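Asks: Residue-level listing of the chains:
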Amino acid sequence: MTLLEYINSEPRGFFLPDMATNGLELVDLTPYEVYLNPENQLKLARTMNEFFESDFIYGFCDGGLFCEILGCEMYKPDDDFPSVMSHPVKTIEDVRALNVPNPYEDIRMKTNLETIELISKNIDKPYYTSIQGPFTLAVQLAGATHFLRSIIKEPQFVKELLDFTVQVIETYAVAAWKAGTKYLSIAEPAAVTLDLHRFDKLVVPSVNRIFDQISCWKGMHICGDTTELLPSMIKCHLDAISLDQMMDYNKVMKIIPENIVLIGNLDPIELVGKGSPSKIIEETRRMKSDMRAYNNYLCALG
Amino acid sequence: MQALEDIVKIIVEMREDEIERALDKAIRERISMENIYKYGLNKGILEATKLYESKEYYIPEMIVCADTLNKGIEYIKKKGNIKTGQGPTLVIGVVEGDMHEIGKNIVKILMEASDYNVIDLGVNVKMEDFIKTAVEKKAKIVGLSSMMTTTMIHMKDIVKAFKNMDIDNPPKIIIGGGCVSQNYADEILADGYSENAIEAVKLVQNLLGE
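These protein sequence lines map, in sequence, to chains E and Y. Note that the working numbering has the first sequence beginning at 1, numbered continuously upward. Note that the working numbering has the second sequence beginning at 1, numbered continuously upward.
Next up, chain E with everything else stripped away, as it sits in the complex (with noise of 0.2 Å):
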C-alpha cells in the first residue's frame, strides 16, 4: 500500500501530529531516558497514542543522533530535544577521519533500532520516523557559517563532507527501515539558506541516494519559506513533502503532484501552543475544507 493509499483507506482524513516534547511531561522521562530505553519508548508512543491520537506511530523524536554520535559536544536540557553546541569538522583532513557508524554496533542507534522494533511490534500503526537530512548534518558538523562559506571557497570539503553524511544517514535510513520503518521523513531545515541551483547540486542527490536504498514510504520536510525551493523538493524520490506553518497550503497545493501527499501545516506555536482549543478545532476545520478537494493532503502539524 502507497501512502496515498493509506491516507485515502477511510473517508475521514487522516491526521499526524509530531507532538515533539510534549510526550516527555506525561511520561515524566527526561529525553535521555527514552531515547536509551526501548521500554520507555514504547511508554512514551503508547501515551501519545492515547492523548493525541494518530494514524501513525513514532517513538521520541532523535533529531541530533548522528551529530552526537559523531562527536558534536551536545546540549542535553530534560525538557527538551539535545541540540548541537561545537562544531568539530573544520576541514579536509576531519572529514576523512570520521568513520560511518555501524548501526547494529553503535550503541544509541541500536537502541532506537530495538526502539522501532518494539514499538512496531505492540501498536499497529505505520511507524514515522524522522531523521536530520545530509545536508542539514554537514551543516551541524561543520557549523553553519563555515559550511556555507566553503561551498563557494572550499568546495571539495563540502563534496566530502556531504559524500559522509550520505553514507552516514543511508546506513541508518537502511537499518530503520529493516526494523520497521514505515513511513522515514528527512528533516533538511538548514537547505532553506540555499538558492535553488545549489539546492539542486546540494541537496537533491544526497537526499536521493539515501531514498534509493529504501523502500518505505519517504518524506522531506523544510522549515521556514520554501517557496523558491519547492519545484525542487519535487525533484526528490519522496511520497510525501511537509512544510511550514509559514506557507500557503492553498498556493502550495497548486504544485504538488497528484502522487505526493502535502503533509501539515498547522501553527504548533501559535495555534497549538498558545490557541484555545475552540480555536484549535476550528482552525483544523478550516484546514479540512480547504484541502477538501485534494486526495493527497495529510493533516498535520507545521
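I should point out that these hints are in silico values taken from the structure, not numbers from a laboratory. Please note that the accuracy of each hint is not assured.
Calculated pairs, DSBU-like style, for lysine-lysine (alpha carbon to alpha carbon, straight line, at most 30 Å) [unchecked claim]:
id	chain 1	residue 1	chain 2	residue 2
1	E	Lys153	Y	Lys50
2	E	Lys178	E	Lys43
3	E	Lys254	Y	Lys55
4	Y	Lys160	E	Lys274
5	Y	Lys132	E	Lys76
6	Y	Lys77	E	Lys90
7	E	Lys201	Y	Lys77
8	Y	Lys202	Y	Lys138
Listed next, the stretches of chain E that the computed footprint assigns to chain Y, with coverage defined by at least 3 CB atoms under 8 Å from CB atoms of chain Y [as the list claims (entries may be wrong)]:
id	segment
9	82-93
10	148-160
The model shown is predicted, which means the values in this text are computed figures rather than measured ones. A virtual CB, placed ideally from N, CA and C, is assigned to each residue, including glycine.
Given chain E, put chain Y in place with the hints provided.
Replies: Showing chain Y alone in chain E's frame:
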C-alpha cells in the same frame, strides 16, 4: 577613484586574496583611511547587500563578501587609525539554550554594512550577559534571536528585565528567528520583530528614527 572602485569590486566579487593589495594601492595613492573605509570597503558590502536584497546573492555569498570586508578592515587597522561602526551600538545574540547561529550572523553582516557598532554575544547567551553588555556599552538596540519554541520563552524574561530597569535611555528590544512572530513580539512587549535580516536593518532604522 579607480583604487576605491577596485576595492568595492573585490568585495562584491569575493576576491578575498586581492583585498590587501588593493588597499595598499589606495594607501599609496594617499587616499585617506576614512575614505578608503567609507567609499571602498563599506561601499563594497553595501553593494553586496543590494545583490542579496535582489536575490542575486544568497547567504553563502554574503558570508564571503563579509569575510573579504573583515580581512580588509583588519589590514587597514594595522596601517593607520580607522574607525568602523560609528553608528549607534547594537547588542545581538541567540538566547540561552539555543545554538542556531546563521540568522544572527547574517543580521550582524547587514547591520555592520549599515555602519552600526555591532556587539555580537554569540549563541546560548544568558539574560545577565545581554543586560550587562547593553548597559556597559550604552546600546540603543538589543537584538534577540531564537529558533526553538523552548528557548523563545527566555525572550519574554529579557524584555521584562530591560523594561523594569531604571536607566536613562533604555535600549529598544527587537526579536527574530524561525519560531517567533509579530504576535509574539507584541505579546512579550518587545519593541519590534523582523522576519529576516534585511527587514531587521529597516526596523532598527525606524526605531532609531533614522
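Asks: Return the numbers of the hints above that this structure violates; sort them in rising order.
Replies: Hint 7 contradicted; others consistent.
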